[in-house]
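Undergrad: Here's the letter readout for the chains.
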Amino acid sequence: MQHWTILPILLPLLVASAMLLPPLSSRIQWLRIASISTLTILTLLASLQVFTVISEGSQLYILGGWSPPFGIALVADKMSALLVLLTSFLALCCMIFACADHDKSGEFFHPLFLFQVMGINGAFLTGDLFNLFVFFEVLLIASYALLVHSGGKNKTQAAVHYVVMNLLGSSLFLFGLAILYGTLGTLNIADMAVKISQLPESETILAKIGALLLLIVFGLKSAMLPLQFWLSRTYSSASAPVAALFAIMTKVGIYSIFRVFTVIFGDDAGELANFASAWLWPLAILTISIGSLGVLASPTLKRLTANLVIVSAGTLLVAAALHSELATAGALYYIIHSTLVTAGLFLLADVIAKQRGQAEDRLVNSRALSQPKLIGFGFAILALTIIGMPPFSGFIGKIMVLNSAQSMSTRLLIWPVILMSSLIALIMFSRAASKLFWKAPNNKNAAEKAHPYEVIAIGLLILGAPLLVIFGGSVTSYVMQAAADLHNMDVSVYPLLPEESL
Amino acid sequence: MEGIYAFCVGILTTCGIYLTLRGRTFSVVLGLTMLSYAVNLFLFASGRLSIDSAVILGESEIYADPLPQALVLTAIVIGFAMTAFVLILAMRARADLGNDHVDGKDPTEIPAATAPNRKGEIN
Numbered sequence: 001m002q003h004w005t006i007l008p009i010l011l012p013l014l015v016a017s018a019m020l021l022p023p024l025s026s027r028i029q030w031l032r033i034a035s036i037s038t039l040t041i042l043t044l045l046a047s048l049q050v051f052t053v054i055s056e057g058s059q060l061y062i063l064g065g066w067s068p069p070f071g072i073a074l075v076a077d078k079m080s081a082l083l084v085l086l087t088s089f090l091a092l093c094c095m096i097f098a099c100a101d102h103d104k105s106g107e108f109f110h111p112l113f114l115f116q117v118m119g120i121n122g123a124f125l126t127g128d129l130f131n132l133f134v135f136f137e138v139l140l141i142a143s144y145a146l147l148v149h150s151g152g153k154n155k156t157q158a159a160v161h162y163v164v165m166n167l168l169g170s171s172l173f174l175f176g177l178a179i180l181y182g183t184l185g186t187l188n189i190a191d192m193a194v195k196i197s198q199l200p201e202s203e204t205i206l207a208k209i210g211a212l213l214l215l216i217v218f219g220l221k222s223a224m225l226p227l228q229f230w231l232s233r234t235y236s237s238a239s240a241p242v243a244a245l246f247a248i249m250t251k252v253g254i255y256s257i258f259r260v261f262t263v264i265f266g267d268d269a270g271e272l273a274n275f276a277s278a279w280l281w282p283l284a285i286l287t288i289s290i291g292s293l294g295v296l297a298s299p300t301l302k303r304l305t306a307n308l309v310i311v312s313a314g315t316l317l318v319a320a321a322l323h324s325e326l327a328t329a330g331a332l333y334y335i336i337h338s339t340l341v342t343a344g345l346f347l348l349a350d351v352i353a354k355q356r357g358q359a360e361d362r363l364v365n366s367r368a369l370s371q372p373k374l375i376g377f378g379f380a381i382l383a384l385t386i387i388g389m390p391p392f393s394g395f396i397g398k399i400m401v402l403n404s405a406q407s408m409s410t411r412l413l414i415w416p417v418i419l420m421s422s423l424i425a426l427i428m429f430s431r432a433a434s435k436l437f438w439k440a441p442n443n444k445n446a447a448e449k450a451h452p453y454e455v456i457a458i459g460l461l462i463l464g465a466p467l468l469v470i471f472g473g474s475v476t477s478y479v480m481q482a483a484a485d486l487h488n489m490d491v492s493v494y495p496l497l498p499e500e501s502l
Numbered sequence: 503m504e505g506i507y508a509f510c511v512g513i514l515t516t517c518g519i520y521l522t523l524r525g526r527t528f529s530v531v532l533g534l535t536m537l538s539y540a541v542n543l544f545l546f547a548s549g550r551l552s553i554d555s556a557v558i559l560g561e562s563e564i565y566a567d568p569l570p571q572a573l574v575l576t577a578i579v580i581g582f583a584m585t586a587f588v589l590i591l592a593m594r595a596r597a598d599l600g601n602d603h604v605d606g607k608d609p610t611e612i613p614a615a616t617a618p619n620r621k622g623e624i625n
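Residue numbers (our numbering), protein chains in the order written: chain A, 1 to 502; chain B, 503 to 625.
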């Protein structure tokens, strides 16, 4: 029982390593069974962990018995347990989709996929900033390989940009970590939160520089304004299951911003309290604006979805800039909703592209789909959800974020931008739907129908939209508690450290 | 010692950033490598520079902080793997795209539409 916290990291690691060895490595059917069963177990484990965290509070796992702040600790609190569950479920859906022969187009798809899941889970669970860097690298190197998986000009070119950008990001991450270690003498998140308030005045400027370097890195991961140019090309050129899994990657950046700038540089950070808000405000607003412009200019459904990822990242950054419990809770709800919906749209875009032949997913008039009703129904739900129309989860998510702006000045700043972005999404989706579904000639299309696995995967992702509303009460109360825990040093910091080090 | 050390890190970082901003993949890869050297040195210095000090308590008058050394080791390993990957990717891009420009296009190349045809006319 005590080792449960590390299982979301260990299980994919072990299975992925076993997949590289002979008995499994050459049999695609076995590989599929292995990865789907692993991810199913992982989803069950993660949901059990959520229930454990609800009943027993945060779980601290000390690797190798080196007690914090010296060793590496894993922390499963309400926020990270929820995000691990989200990752596992999303990965399961993407894997089911990939098993419809998307995994055959290149080698090592299954192990790479599991390594990526391991990296993402690790990034959510770790309680140590250097360990966060290591898990970032794990998930990045797996994502580099997954991005170029099955090859092609477009993918290689997108990958060059993506890899170079992220390698630069890694260097900046290390510079930031070194500065913070040099001033604070620790990299354990909880310990840093304690030490930051005792920092002598001469060192605060250094700590601030280190923290801002980290903000640049997390901004790069989460597609914050000047650093978002890589995203739309990367996501739209990746193969569908990979792009859908990437939907959670920007959220890793957002999570890190919340973790670092709420726990370490939060309300109790003395001179440096909440200093990042001033930087996040304009960047977040501009990110939404540029994302919306991108949405308007998107020529294909995949590009459209990729730009919507930028818009959702901007919305989450607004919540981070607001820096209150309500905003964090809204952001958490919004993370779950937007991850599932954008992943669903990426998968659906691939199905649509396959059935339309040469026109692919470009928003032009072309022949009809072979399953217009089924796909149209899914598309309608996903579109309504991401636009933020009731009765689906997007509505509640947006309401929570909008509602967390309490003062008049913040409302004036946030509401027009978010509501305009919703309107733009509405316009673009109406246009896309009329091109894809209505303006098509009525003749029968002989193209292959969607594989049952593809239908199941997209169906599971769509199911999230109504479920998040039906169980909206319990989900919102959970995210409220998670946000309250994150903002409360008595829960998010002190229990994670031995008493003598306080 | 601190002065020389800081100067080296600064030079490496400057060269690294300059080279990373270049247009061809080879210089970008070189730039990333230099940047990772700079980072490794910088990380090492975050535990403060000291001479004649052991990383074990009681072996010398002052002790050196062992943690940055462990961090540097991890960073070196990861940086090495990443450099290997980006090198292979750069070669693959050279093969797939037909040139070694980061954007995949040779900016000096005349676009096909304005290139003179066989008779020398521009169409």
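Just so you know, these hints were derived from the structure itself, not from any lab. Where hints are given, some of them may not hold.
Some residues of chain A that are not near chain B, with every Cβ distance over 12 Å (derived) [stated by the list, open to error]:
#1 26
#2 137
#3 151
#4 166
#5 181
#6 377
#7 473
Straight-line Cα separation of at most 20 Å, SDA-like style, residue types lysine to any residue; simulated pairs [unchecked claim]:
#8 439/A - 493/A
#9 153/A - 532/B
#10 607/B - 439/A
#11 153/A - 587/B
#12 607/B - 435/A
#13 435/A - 289/A
From the three backbone atoms N, C-alpha and C, an ideal C-beta is built for every residue, glycine too.
Undergrad: Next step is simple, just say for each hint if it's right about the structure.
TA: So, going through the hints one by one against the coordinates:
1. 26: Check passes; 23 Å lies beyond 12 Å.
2. 137: violated, 5 Å
3. 151: Per Cβ check, residue 151/A is inside 12 Å of chain B; nearest 8 Å; violated.
4. 166: Answer for residue 166/A: violated, closest chain B Cβ roughly 9 Å.
5. 181: violated, 5 Å
6. 377: About 39 Å separates residue 377/A from the closest Cβ of chain B, which puts it past 12 Å; holds.
7. 473: holds, 44 Å
8. 439/A - 493/A: Violated, at about 57 Å.
9. 153/A - 532/B: violated, 23 Å
10. 607/B - 439/A: It is violated: about 36 Å lies between the C-alpha atoms, which goes past 20 Å.
11. 153/A - 587/B: Holds, at roughly 18 Å.
12. 607/B - 435/A: At roughly 32 Å apart (the allowed maximum being 20 Å), residue 435/A and residue 607/B break the hint.
13. 435/A - 289/A: violated, 25 Å
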